Amino acid sequence: MAKVEQKTTLAKSDLRDALREMLLIRRFEEKVEERFRAGELPGFLHVAIGQEACAVGVCRALEDGDVIASTHRAHGHALAKGTHPNELMAELYGKQEGCSHGYGGSMHLYDVQRGNMGANAVVGGGLPQVTGAALAFKMRGEPRVAVAFFGDGATNIGTFHEALNLAQLWKVPAVFVLEDNKWAESTPESQHSPIGDLSDRAKAFGMKALKCDGQDVEAVYKTTRKALEHARSGEGPVFLHLDTARLSGHYIGDPQVYRPKDDARRLRETRDPITLLRDKLGLSDEEFQELDAEVTAIVEAAVEFAKNGTDPAPEDAMRNVYA
Amino acid sequence: MAKVEQKTTLAKSDLRDALREMLLIRRFEEKVEERFRAGELPGFLHVAIGQEACAVGVCRALEDGDVIASTHRAHGHALAKGTHPNELMAELYGKQEGCSHGYGGSMHLYDVQRGNMGANAVVGGGLPQVTGAALAFKMRGEPRVAVAFFGDGATNIGTFHEALNLAQLWKVPAVFVLEDNKWAESTPESQHSPIGDLSDRAKAFGMKALKCDGQDVEAVYKTTRKALEHARSGEGPVFLHLDTARLSGHYIGDPQVYRPKDDARRLRETRDPITLLRDKLGLSDEEFQELDAEVTAIVEAAVEFAKNGTDPAPEDAMRNVYA
Amino acid sequence: MPELTYREAIRDALVRAMRQDDDVFVMGEDIAEMGGSMGVTQGMLAEFGPERVRNTPISEMALAGAAIGAALQGMRPVAEIMYEDFMTLAAEQIVNQAAKHRYMSGGQVSVPVVFRTQGGAGWSPGAQHAQQLEAWFVHIPGLKVVFASTPEDVRGLLWSSIYDDNPVVFFEHRTLYGIKGEVPEEIEPIPLGKARIHREGEDVTVIATGRLVHEALAAAAEAEREGVSVEVVDPRTLQPLDEEALVASVKKTNRAVVAHEAVTRMGFGAEVAAVLQYQAFDWLDAPIERVGAKFAPLPFAPVMESYVVPHAEDVLAAILRTVNKKV
Amino acid sequence: MPELTYREAIRDALVRAMRQDDDVFVMGEDIAEMGGSMGVTQGMLAEFGPERVRNTPISEMALAGAAIGAALQGMRPVAEIMYEDFMTLAAEQIVNQAAKHRYMSGGQVSVPVVFRTQGGAGWSPGAQHAQQLEAWFVHIPGLKVVFASTPEDVRGLLWSSIYDDNPVVFFEHRTLYGIKGEVPEEIEPIPLGKARIHREGEDVTVIATGRLVHEALAAAAEAEREGVSVEVVDPRTLQPLDEEALVASVKKTNRAVVAHEAVTRMGFGAEVAAVLQYQAFDWLDAPIERVGAKFAPLPFAPVMESYVVPHAEDVLAAILRTVNKKV
Ligand SMILES: Cc1ncc(C[n+]2csc(CCOP(=O)(O)OP(=O)(O)O)c2C)c(N)n1
Ligand SMILES: Cc1ncc(C[n+]2csc(CCOP(=O)(O)OP(=O)(O)O)c2C)c(N)n1
Ligand SMILES: [Mg+2]
Ligand SMILES: [Mg+2]
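Chains as they are written, first to last, in the working numbering: chain Y, 131 to 453; chain U, 131 to 453; chain P, 172 to 498; chain G, 172 to 498.
Treat the hints as calculated values from the structure; they're not laboratory data. There may be inaccurate statements among the hints.
What the hints assert, rightly or not - Pairs of lysine to aspartate or glutamate, EDC-like flavour, derived with a Cα cap of 16 Å:
| no. | chain 1 | residue 1 | chain 2 | residue 2 |
| --- | --- | --- | --- | --- |
| 1 | G | K423 | G | E373 |
| 2 | U | K338 | Y | E445 |
| 3 | P | K465 | Y | D330 |
| 4 | Y | K391 | P | E204 |
| 5 | G | K465 | U | D446 |
Claimed, not checked - To list a few chain P residues with every Cβ distance to chain U over 10 Å, as calculated:
| no. | residue |
| --- | --- |
| 6 | R187 |
| 7 | Q191 |
| 8 | D335 |
| 9 | G349 |
| 10 | G352 |
Only a predicted model underlies this, so the values are computations on that prediction, with no experimental measurement involved. Glycine included, every Cβ here is placed at the ideal spot set by N, Cα and C.
Using the sequences and the hints given, assemble the complete structure.
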């Protein structure tokens, strides 16, 4: 556990790495939007633009062996948890080289080797499985933590309540990460939750709740470390409430008719986690451009990789139905 | 609403009526246990012995037009809401004269005319329907309240959370009555809920919570009046937490191997709502015996009525599938 | 006759019912400002306001249950479950509650509620956003089950469903929302339980639902070029099922194909085949063919997805098998 | 050979697996101190402690989901859902999650979990405590579905289910827990997907599951007295289905009856009938008969309940219909 103690703050170089990762996610998502609009990507896609600091802050705080379960808005989590952009992009193109070998798609990204238990297209669907994974860790005495991502909208579904209740009752090493972007699709928080502060959801289970600014990657990192320590030490699960912002539509192509025109614009100006971190680090335009060029090249390469990937054979559809 | 204002306390004569009703429920349930053990009653039965003050206190507080939804432990609620003991007993015997005409049975008691929307054998199953009934009242501007009964075990099921969240969000005139008898079948509260006080469940929705001694019928009545007033005035639903005790097994025939031997005995001595009320009213043995004889006769008559009831024809099973 | 899309036809039924009847209202996730994830309820918020075009949180169970509760109190709610896959979350309320209240109460109550939902593959949403689960609900006494395939049908059937005093599970297909068709000026209610013969034929009867009606019609046209005359029948209501019409058609053609997008195994086609082989045993000149999705979850990659779900060519192949023709 | 009840046989499989393998554990509502609402897990808490005989709150969805999550991390949980009716509450996790994880991940994970559940009428619990819903799960690729009818079968099949790397939905029947039968000293795993011929016969094949196996055997004995020789086959595993064995039997007898307690409409018998009429078309001398519950929820009053669910006499009547005999 010595390693745990050491990693409670981030050195400047770590922050620079975090920025790079966040920027990679941003550029990746922008590219996905572009390629979707160009008609190259099938399916139904949700980008995490604006929520990069949540994914990166949480995942950087994890130890080897810790696992995550993700949501429909899964790309950022997957990249932050270590899935190579090539494999992720290949998945979005439906290729065998994809992280789910073309069977999953945007909402079903898996990377078991790197601790991603899977993204879930059913809101709340992954939460009890995180409780169960943490239970397995506990029963086997392994010092691992299972982490669930979910959104504010997910706090309304019964699955959420049952999963958290069970986790607290059994004091399993789990962290439930609420990415509170104030929207569930077109539904603003005021139309889906009758409480001002979603941290209050944790009170129904007596679960320890921590809250921080989800646009500040350092805060997310530090608060996650605290949560992990609590969970790992056997004191039970933690509800980790991240205050974040959705800077794009709900899905790619969402005209956002339901959203006040200046809401996203205002948020982009004041709550963009990348701008915030760049300013905090005092990066010059040049330095930033350099970083940007670097990650942009990675994203371009990912598209190349994906396009050159192998299409599954039609009959491959009959594989993997059973073990 | 004038009527509402008037009924905030109970006169002594009202309390005596309440005692009579509670005693009727007790004797009814004891008779049901007896007839079940004698092999006369089919099905799966749960008696409400020990929880009579909850049913009576809540239902006496209701106005005409208010509705309830009940649980698997339904007999007390049905009687308190006005179903005639004959009709209830006839239902338990599976007769056409039964309150559900022999189609429902112990866990599916309906009496729509008297405002019983139905008992439910699925834990939590009735709760969203109470939210919906209350919504209908609100949409039509009717000054009616919908009331759900449920147990401590039910606070763990997703249905409960979703239903309460919706009710609070929409501020519908509903009251959610928790009969907290500390057991869910064989599972003690400590094994099903990680919090000391189940009133905390309401915090997840910011719902007004009221709590009182569920063995004190006057307290239940008064607290229910408060809850109804709140709900009826448009201020939103109320979580009404009644601290009660299960003096019998979970179901008739339950050997209760899981329960400390003296738990039920101790509760019978200290927390029997009928003894408590009798003492409060200072009833002499004679007076009590008189009351007892009166309700016992009603129960005996109900058994007679039920036994003389009409069995449905086998083919009646095909009626009422569709409207 | 005006032309409407399938989507507009649904909306038309909803809007007209809500105009004439205060008890009718719609509820569901993102149906208000956004107009529904499929755009069905677009514009309705402006006309009817948030009380009657009621946005709900992500709470499938409670929204279904609230609709049931309101129906028990005399309203006629139309609840939308965004994807059929999420019917699994509302199943308890629909199956144990809505379907059984009337029965368990010995006829005291009725539950006039409609659960609208949609699904369907063909756009690579993956395994959790396109399942076809209509067979589940056909198995449950107390429910009516509708699956409409054209604008005219969807409007007339939705109308009848809203005014039916029983709970109706109303299936729509994702890839049909954009198709156009003529509809009568005034709504003509289509009785639940009546099949529709889309095309008459002599050699084979294809009984198809949802998207497969259109695939079947395409296959029938193709078969005709091969000299095979195909009758295409859409039951439209899966419960109650118009067994009479299906059996009559098969007694005429002596051959049957059942086609739907749902997984073949334990799909609706199994029930139809079981009914037909029983009631038309002596008339059948060939085994009843079933066309449905192969036995796999829906894969993401388009080539695989397309392989799993059935198309016109699969229906055609089945038609030709029944008449013992090779192409 | 020792004699065990169906209940004891289930327990025996659980206990032996838990003794030999730390990854196996059981969880469910009231399974610990109380030993389960059907008494299946009685005594197990004392041997294995509360960690491995894990009592859960009333949270069907989360307990199913937690079992899936633990399975994804290499455990082999056996989760009990107290009544089949409550499978509706866990359906999302079983159908969208357990069944699809392996597939959606392109084969990266497996989900070795068993969902034990039970149901069945005959004791008047009413409409929400006795439904038979096995057909639902047969429709879902990725799940295996077992329904055992004897002590020997239930033990050997549960063993195989625990050690299968796929999610298995394991149905038990409420009225079978008390029946006794001989079982081998050591557990003999019964492969999933193998039917069992309970009785050989020449004239009619009855394919029955669960309680109806016993009703079918009684009917067969009675039919024999009428001069009709009946073969009784229990598929035991509904998915994968041993089509070969069923078809072979029907090709021999040329007549078939399918019997289960679930509602006939859209019940498992529909699938069997659809398969048989297809694969044994030229061998069938009579329509395939289906015996199942009538199309109603389960009523409370015993006379009505008994009318709705099928009995030996219903199987017998179907047998005689297929050979065109009146009694
Ligand atoms: C059970 C379920 N209901 C509805 C949906 C459709 N849906 C997908 S995302 C979404 C909104 C989710 O909101 P939130 O949890 O806040 O996550 P965000 O999209 O904001 O990241 C909805 C309603 C779904 N996927 N699953
Ligand atoms: C969804 C569901 N799960 C399990 C059961 C089985 N069951 C019936 S009553 C009960 C315990 C209920 O406890 P509580 O809500 O506290 O009510 P009480 O019995 O104490 O009145 C259980 C587990 C059920 N009926 N419904
Ligand atoms: Mg959100
Ligand atoms: Mg209780």
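**Report entry** Hints violated by the structure (numbers, ascending)
**Finding:** 2, 3 and 8
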